[in-house]
Amino acid sequence: MTTDAAQAKLTPRDFASTQDVRWCPGCGDYSILAQTKKVLANVGIPREKVVFVSGIGCSSRFPYYVSTYGFHGVHGRALSTATGIRVSRPDLSVWVTTGDGDALSIGGNHLIHAIRRNVDINVLLFNNRIYGLTKGQYSPTSPPGKRTKSTPQGVIDFPLHPLSVAIGAEATFVARAVDVNVKHLAHVLERAARHKGTSFVEIYQNCAIFNEGAFEYATGKDTKEDTTLYLEHNHPLIFGKHRNKGIRLAGMDPEVVTLEGDVAEDDLLFHDETQAEPSLAYLLSRMHYPEFPEPMGVFRCVERPTYEDLLMEQINGAVEKQGEGDLKDLFEAGDTWVVE
Amino acid sequence: MTTDAAQAKLTPRDFASTQDVRWCPGCGDYSILAQTKKVLANVGIPREKVVFVSGIGCSSRFPYYVSTYGFHGVHGRALSTATGIRVSRPDLSVWVTTGDGDALSIGGNHLIHAIRRNVDINVLLFNNRIYGLTKGQYSPTSPPGKRTKSTPQGVIDFPLHPLSVAIGAEATFVARAVDVNVKHLAHVLERAARHKGTSFVEIYQNCAIFNEGAFEYATGKDTKEDTTLYLEHNHPLIFGKHRNKGIRLAGMDPEVVTLEGDVAEDDLLFHDETQAEPSLAYLLSRMHYPEFPEPMGVFRCVERPTYEDLLMEQINGAVEKQGEGDLKDLFEAGDTWVVE
Amino acid sequence: MVVSTQPDQSGKGAQQVIEVEEIAVRFCGDSGDGMQLAGTQMTNTSAVFGNDVSTFPDYPSEIRAPLGTLAGVSGFQLNFGSHRLRTPGDQVNALIAMNPAALRANVADLEHGGVLIVNSDAFTQTNLDKAGYTENPLDGDGLNAFKLYKVPVDTLNAEACAGSGLSGRAVARCKNFFALGLSYWLYGRPMDPTLNWIEGKFGTKPAVADTNAKALKAGYYYGETAEIFTHRYVVAPAKIAPGKYRKVSGNEATALGLIAAARLAKKTLFYGTYPITPASDILHDLSRHKNYDVRTFQAEDEIAAMTSVVGAAFAGAFAATGTSGPGLALKSEAIGLAVMTELPMVIVNVQRGGPSTGMPTKTEQSDLLQSLCGRHGEAPLCILAAATPADCFAMSIEAFRIAVEFMTPVILLTDGYLANGAEPWRIPDVASLPKFDIKHPTTGDDFKPYLRNEKLARQWVLPGTKGLEHRVGGLEKRDVTGEVCYEPENHHRMVELRQQKIAGIADTLPPLEVLGDESGKLLVVGWGSTYGAITTAVERCRKKGLPVSSVHLRYIDPLQKELGGILERYEQVLVPEMNRGQLVSVLRNHFLRDVTGFYKVQGKPFLIKEIEAKIEEMLNGKES
Amino acid sequence: MVVSTQPDQSGKGAQQVIEVEEIAVRFCGDSGDGMQLAGTQMTNTSAVFGNDVSTFPDYPSEIRAPLGTLAGVSGFQLNFGSHRLRTPGDQVNALIAMNPAALRANVADLEHGGVLIVNSDAFTQTNLDKAGYTENPLDGDGLNAFKLYKVPVDTLNAEACAGSGLSGRAVARCKNFFALGLSYWLYGRPMDPTLNWIEGKFGTKPAVADTNAKALKAGYYYGETAEIFTHRYVVAPAKIAPGKYRKVSGNEATALGLIAAARLAKKTLFYGTYPITPASDILHDLSRHKNYDVRTFQAEDEIAAMTSVVGAAFAGAFAATGTSGPGLALKSEAIGLAVMTELPMVIVNVQRGGPSTGMPTKTEQSDLLQSLCGRHGEAPLCILAAATPADCFAMSIEAFRIAVEFMTPVILLTDGYLANGAEPWRIPDVASLPKFDIKHPTTGDDFKPYLRNEKLARQWVLPGTKGLEHRVGGLEKRDVTGEVCYEPENHHRMVELRQQKIAGIADTLPPLEVLGDESGKLLVVGWGSTYGAITTAVERCRKKGLPVSSVHLRYIDPLQKELGGILERYEQVLVPEMNRGQLVSVLRNHFLRDVTGFYKVQGKPFLIKEIEAKIEEMLNGKES
Ligand SMILES: Cc1ncc(C[n+]2csc(CCOP(=O)(O)OP(=O)(O)O)c2C)c(N)n1
Ligand SMILES: Cc1ncc(C[n+]2csc(CCOP(=O)(O)OP(=O)(O)O)c2C)c(N)n1
Ligand code: SF4
Ligand code: SF4
Ligand SMILES: [Mg+2]
Ligand SMILES: [Mg+2]
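Residue numbers (this note's numbering), protein chains in the order written: chain A, 669 to 1008; chain B, 669 to 1008; chain C, 111 to 734; chain D, 111 to 734.
Among the clues, some could well be false.
In silico lysine to aspartate or glutamate, DMTMM-like type, Cα no more than 20 Å apart, as pairs [said to hold, decoys possible]:
id	chain 1	residue 1	chain 2	residue 2
1	D	Lys719	D	Asp231
2	C	Lys714	D	Glu727
3	D	Lys558	B	Asp977
4	B	Lys717	D	Asp219
5	C	Lys654	C	Asp589
6	D	Lys631	D	Glu727
7	D	Lys549	D	Asp539
8	C	Lys240	B	Glu884
9	D	Lys240	A	Asp997
10	D	Lys354	B	Asp688
11	D	Lys377	B	Asp994
12	C	Lys376	A	Asp997
Hint data in this document are derived by calculation from the structure and do not stem from the laboratory.
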């Protein structure tokens, strides 16, 4: 939802609640909170028009820390709860903060169904590849082999890749960011806020206690340029400390090439976030470290009517055709008879 | 699971149960039942080693009609039930029959999680694009605009495409067939039966009562050659009454071309079901009527260890390392003390 | 029951006319034979004629079982009378069977000496085989117990409709009207209402309209002219409160009630649900009333449905869901969230045969305890139960009344029998309906989300209200402020407060009325859909002078305050339930009062006579 | 409680030695301060020393709240005595507080006149601020009620460990051992067990081992030499049944019991679950025992977990799941399927504070009614409740015994207090454990899936058995054959049979024993984790000569047969519960017996004295 309400401009601080924040020192959630407040201020939606909805998890504590309306629901059901809110109140800006367990384990089904209906909700998935609140069991995004409280010999479940799942359900807005790259995170969050329809954002989030360093490769000073690739619409896929590496298509498969000799920028795969078919976005979602740099930014951003708009069309259409419903007509519809 | 047990070969009739089949006249389920029995006989798994598991729906009545072991569970949970069976009994051949509502609406989460774990289960999704048993509400695969019992003004939910969802979860075996093309259906079912890991098969199934003709385009005598495309491994994508149309890649997007002039077979997209990356399979899953012919057959078939094999590895490994668990050791582990 | 008999005046037929107080007719045939339509037509005609009516359809549990098989038989039972009717009738007085399977599946319910009309044309060898008859029941004397009339319906119908220009199949499809016409003659029903309906329905297809009308008349005149019928029956109009009426099933009435409540409060009605038999029709009905700002949401499952309803309630809509047992089980956790967040919503549970998938198309009353206790922790809420199909309307409105007045989820229990059964509904004057005036707070000066009013209800804030931004959720709340709070004493107090709030609803309930004497030997206590059978049985027993009274509970939690005192005034208490004693355990627990449970868990409602017999048995001291 | 006092022989110190029967010590500090370890060490030492022990940890509900804040305080309470102990102690006799926040969060639980040792070094301005102290509590006389000892632990520990070669932070990490040493001296505990433990644990890192040992000794000798301590306390060994012991928490014991049951039956243990506090540790424990053919499956949610367990049971495994309230709610529908398919499985429910997300880290007994009634339809099953941490072992085995003997799901109720509390467990001789001999049918001559034995249990067939291929599911079954069946009488009968089967379990239960007189003025009835507090309270009252007895229920459904008779033999019945009277309603319903409920819903267990007081109040006739 995007309302640049002409009103006394709010500052990020205005979006802070009175509750003191209770995440562990070093938790990536702090940075996401800070950037979200900044974006809310930028987008300029009045505080009372915003609702944050969550399930259960460290990430799901989020609504307590923003001064908007908030609903801390049950585990995994944030998206269906948010859908109920949006469908009955399309005037509200609805945000969901959720975890990799909350959204992809117990809540996986609600996620793909909200996405396919394209309900206008901004979904921030805090992916720390672990169950934080319950103290360190593996999650659907934990890498195979990882030893956790519930997998002393290592994870044997093949992980789900959040963006691939979202694209499998044909999401209209799909993006990725990482907690510590705050500028880019804020940029992506603002793009999500301005998209009409379900905006799905995966945020790499460091769990300092149970999965410290899980994203070291993507955030480390001297590794990040080679392990991540920042997408730009209509630009070729270039990355690397020296910006001399790129992604080229070999048939249907991406390959890493070095920009030298006969390999020019024009030979590279160009990003097009508006491509109607999600196949490119899907292919990008398949690029994983270490084989590939992991794309960051907006993978896909296309228009499709939202569920609630289509519903309101039917409702308003019905009112136009049949007129505001009147109870007397309702009661007397069908065969009636009178007893004197 | 694939055991060509050397034993008195069973016939399809041997796989018929004593229950009389109770689907409506003209229901596509009859044909799926017939072909499945044929395949069971071909594959040669002993009857007692086979378990059919289902949820609730017309399609989920299936287990009653085969003479193997069967479990008719609750709505949407066939895959998690089957997982419990496979994990505790890897010697059994486990099959799931499910509907578009059972597997993709209430059961969507269990489907993607079984798929990502690659539990060795053969999943037959009877896609009739409607809720049959509950008499005609729309399902997650019903096309937008469709008028059903619960959508008198037409469906406003954008549909889920079963194969795209399965590929979003990185399924190792993905295929499609249609009820009335029995030869091809049997072929696909046999391929599924022989694949190790989760085999996901979408079957276009006609609901004669609540969605008659939904697949007319793909089955009609004079339309089917132009509306469907039968995939062959390592062969170009060719279709059409006169086999003169093909699919070519334009960047990342498929396009329909006619084989004439300077367009030769070699210019077409070649199918490779074994491609490690699922991007091609995903792209194929995006080809929908009327813009494209809808691919039939095996989209993807790759090897990946199954969940239960990895689990048994850990178990056997533990036994080798620590020896068969002994209760005395178990009880006396850790700090103990003796009171005289 | 026979009132008087005299020779027929009307037609030339020499039949005797017998006047009776009520008649139960059942039409049965293949799903394709249009039996539901025939039954509905005769119901409407009888209602317009001035009789009281009560009906119950009996669909096959298979969608479309093969033609002519037992599994494919569809039936419709109509009870019409010259006095108040509360059930479709214990026993069938007249059975119209269109084929052997229909005969086989239904003949057991036909009263001894009852009228049995069969379509003799359908008794072919193949059909007999499909029905599992080794020999034709129409030959031999297996049916001697009944007044058997073999009518070659197919032939007669075909003859009557000859030259209609319609195809043979189309003509055959009219045979239900032939059968209907015949029953109209047999029971002295006017044909006009149905003729008008045909006109209205097929007006655009004159040939079809014409042929159906021909078939109807042909059936009627066949009765008059064919010499085979020895009796006719007439049922005088009933004394019914004047007013405008329509027929409603329980599910229709529930949908009407939900819409009415929302409209009366000038609110959006959000209905989030997942289809399940026998609740789905509520969704179907509601989805057809979008111009009443009804927003139906068919969710991916019951958990999504329930949480969407919680979200909608938080957002300020009139939020409701409908389901049946298995769905209610799945909603348990989310309902707990609704209790903790103290938001208003209505959960309609149309009970069916359990446990598990059980007998999905059959009726039962076995979700009472799940409704009461099926949540973790101490999670009290309000539970209502509708007594008749039309009562579903009143109770749906009442459910919303309580939900918003006390800021609580309310479970409304109905069941498959109410949902599909139908009765006349006296259309209320809109002005006479309850008023809803809902006040959402609008000013922010130190607003406290969990501050309670004298009814212990917290305020219902609309998101979007400036200055009232706040957060709620499933964690324990600090009293008044609503912040997350783990303090021991606070938790203890909040648990008590939530209980007291629900208990307090009792102060707003209508008094519980006793049918019969205020005290005595035996009290029958019922709840929900057993109302019709129990009340009729008690009335009949009282006519016979038996010292029995009854109370019927439409409020399960909290119970009406009078109940405890009433129970004490009777020597014995009988509690008939379509379960294994769920209300019995509630009564024992609340009142430490020994009561006699009378259980029927057969997927079918009680018959009046079953309860009558039980009452007599207890009064004859066989029990207790 | 003081037994004797005399001047100290041992050290030079001039302290008085006081002999006492039991002591409750609580260590508290920052999550990082190693308080759990210190407490565990003192527990083991005391156990080895021959005392009875009972412990309870108190973790912060935040994962890692900021250093030095109240939210970050972690505590460990140890009760050790010269007689049988059943609780961690009502009141703390000695509190060791490592910083201001720890003092602030715990001092209220310290007895009047109790020992209070504080790490004075930690009482800096920043720490005082973080704890919310406006002034330093160590100055002024706010703590005069206690024997306050200000010990500069950081300094002394640093001095003692000087020259260890370890970093300052590493040395600081040893301060819990300094505090431990001091308490060892104060309570005359031997240091060897801990010194040995240090050796074993850090053997590979001599510097670390050495420094920890130094710290321990330094603390010990500080007590001896510093003149500040006026008293020492000794607690004589208890008379404990001879045998080999280990300490177990309720969750550990549950895991041990599940594994043992499966091993005894030579079966695979399948444990399908979804993590949830406070049940997750059962999963963690089981996942470390793969060599016992334990197959843990962390499912995507509780519904998948439960249905996977149903599948595993159908496949022939010993199938179990573990969860807490919200998870049990989600499992409701699938448990109904287990009831209908009559398959054996164990559902462990570790209760926590509800409703909804409630107070997840706190204990409660409020899922009894959900366990009993939280399913649609008539879906009876067996419910057990463990009484102590170690009892979780016995009851897990008993749960499987009943599950396979009667082919039914069994719910085993524990709670957060049992789950995390620990007590000594006398390690049983494997040969003394129950035998399981499970017979799966192997021959096919007209096999009937729902044919029942004298216990009404059907047979458990292993898929893979030739000739026994059959289908089961959630639809109603025909008696004996198990085919799908909608016949009215059959349904009625099956509903009865399922109920009778569960009722029949009572015939196989151990007799219910009364503590105290077989009849009299007052009976206290408890269930589950209240055992320790109730039993101790009743024993104390009886010592005072009060006419009170008690029974403790570990079987909730069915109840033991003796209960009804027992209840009749007492004038009054008191039922303490950590809920609002869930067992009370069960007793009232079953026995039409008025009982007095005594409810504490604070997320904390009953104190012994609270129950003592209530007993005295009732016997003084204030109640009833
Ligand atoms: C129905 C239910 N099941 C399980 C839980 C326990 N639980 C709470 S949060 C959580 C997962 C947390 O992981 P994630 O969603 O990744 O959030 P994070 O804490 O990592 O931010 C679990 C299993 C619960 N609260 N409710
Ligand atoms: C928990 C639960 N919710 C809802 C239902 C009702 N129900 C049974 S089958 C079904 C959907 C059937 O559609 P599908 O899965 O496509 O199967 P089909 O009948 O079309 O083969 C529904 C909603 C149920 N049985 N259980
Ligand atoms: S446990 Fe991890 S995710 Fe949770 S608050 Fe702490 S650091 Fe953050
Ligand atoms: S309703 Fe449709 S899907 Fe179900 S049996 Fe009939 S034809 Fe088949
Ligand atoms: Mg996480
Ligand atoms: Mg379907």
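Verification of the supplied hints:
no.	hint	verdict
1	D:Lys719 <-> D:Asp231	violated, 36 Å
2	C:Lys714 <-> D:Glu727	violated, 52 Å
3	D:Lys558 <-> B:Asp977	violated, 34 Å
4	B:Lys717 <-> D:Asp219	violated, 62 Å
5	C:Lys654 <-> C:Asp589	violated, 58 Å
6	D:Lys631 <-> D:Glu727	holds, 13 Å
7	D:Lys549 <-> D:Asp539	violated, 25 Å
8	C:Lys240 <-> B:Glu884	violated, 32 Å
9	D:Lys240 <-> A:Asp997	violated, 66 Å
10	D:Lys354 <-> B:Asp688	violated, 62 Å
11	D:Lys377 <-> B:Asp994	holds, 13 Å
12	C:Lys376 <-> A:Asp997	holds, 17 Å
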